[in-house]
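Visitor: Since chain A is already given, all that's left is putting chain B on it; use the hints.
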Amino acid sequence: NAGVTQTPKFQVLKTGQSMTLQCAQDMNHEYMSWYRQDPGMGLRLIHYSVGAGITDQGEVPNGYNVSRSTTEDFPLRLLSAAPSQTSVYFCASSTVGAQYFGPGTRLLVL
Amino acid sequence: GNSVTQMEGPVTLSEEAFLTINCTYTATGYPSLFWYVQYPGEGLQLLLKATKADDKGSNKGFEATYRKETTSFHLEKGSVQVSDSAVYFCALGWGSGNTGKLIFGQGTTLQVKP
Chain A
12 NAGVTQTPKF QVLKTGQSMT LQCAQDMNHE YMSWYRQDPG MGLRLIHYSV
62 GAGITDQGEV PNGYNVSRST TEDFPLRLLS AAPSQTSVYF CASSTVGAQY
112 FGPGTRLLVL
Chain B
10 GNSVTQMEGP VTLSEEAFLT INCTYTATGY PSLFWYVQYP GEGLQLLLKA
60 TKADDKGSNK GFEATYRKET TSFHLEKGSV QVSDSAVYFC ALGWGSGNTG
110 KLIFGQGTTL QVKP
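Chains A and B supply the protein sequences, listed in that same order.
Adding 11 to a residue's 1-based position in the first sequence gives its number in this note's numbering.
Adding 9 to a residue's 1-based position in the second sequence gives its number in this note's numbering.
Next up, chain A with everything else stripped away, as it sits in the complex (with noise of 0.2 Å):
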């Protein structure tokens, strides 16, 4: 098993731009989420999934879509970047008794 994969490693964005960040994960689980994680505030969720076709909204969500169309993938969307956006993005995936990281994606909005 890969576990839960992240692409891309690095990101560098102007203001203004959009992208997708990917997020897989190969155990089944129904629950994932996405976090952010910037220096002296742990991790904060953004959005989270209970299951495919169905999401809901974390501690920070505005800026960001995710949509859950199979088990399998939990894409975050950033429709519009903006420089508040540079920080370190976790997917995660959730079974009983524990959650499943992702490596990362690192994004630089300039």
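Just so you know, the hints here were simulated from the structure itself, not pulled from any lab data.
Here the structure is a predicted model, which means the values were calculated and not measured.
Any given hint could turn out to be false.
Unchecked claim - Computed beta-carbon distance windows for the label pairs:
{"hint": "1", "chain 1": "B", "residue 1": "Glu85", "chain 2": "A", "residue 2": "Pro94", "range": "37 to 43 Å"}
{"hint": "2", "chain 1": "A", "residue 1": "Pro19", "chain 2": "B", "residue 2": "Glu85", "range": "35 to 41 Å"}
{"hint": "3", "chain 1": "A", "residue 1": "Glu70", "chain 2": "B", "residue 2": "Thr80", "range": "17 to 23 Å"}
For glycine and all other residues, C-beta sits at the position ideal for the given N, C-alpha and C.
Guide: Here is chain B on its own, set in the frame of chain A:
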């Protein structure tokens, strides 16, 4: 609201020293508590967990006890190694933590010197 507070870092220790990283929480209901570890350049890994009051989670020499009376979940290790250098996150969630919704503390950086 629900929140997690960790001690400020960085924490710098010599090899074989005793480690304590404090974590306190505020929550409604009866959350589960977790410690995650992040090694440089990697994602987070679950280190240990406790799902109810007085439970003790343990793994790789680390342990933490769920103290409801003091709303705490302090991480301890009797003898740290250089390889323990990482960022440690305390977190809370509900159920077994499988809902995809965790609330994290700000993280504590541990540096262990030979």
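Visitor: Please go over all the hints and tell whether each is borne out by the structure.
Guide: Results of checking the hints against the structure:
1. B:Glu85 / A:Pro94: 37 to 43 Å: Holds, since Glu85 of chain B and Pro94 of chain A (Cβ atoms, about 40 Å apart) stay within the stated range.
2. A:Pro19 / B:Glu85: 35 to 41 Å: holds (38 Å)
3. A:Glu70 / B:Thr80: 17 to 23 Å: About 20 Å separates the Cβ atoms of Glu70 of chain A and Thr80 of chain B, which means 17 to 23 Å holds.
Comparing the model with each numbered hint stated earlier shows that all of them hold.
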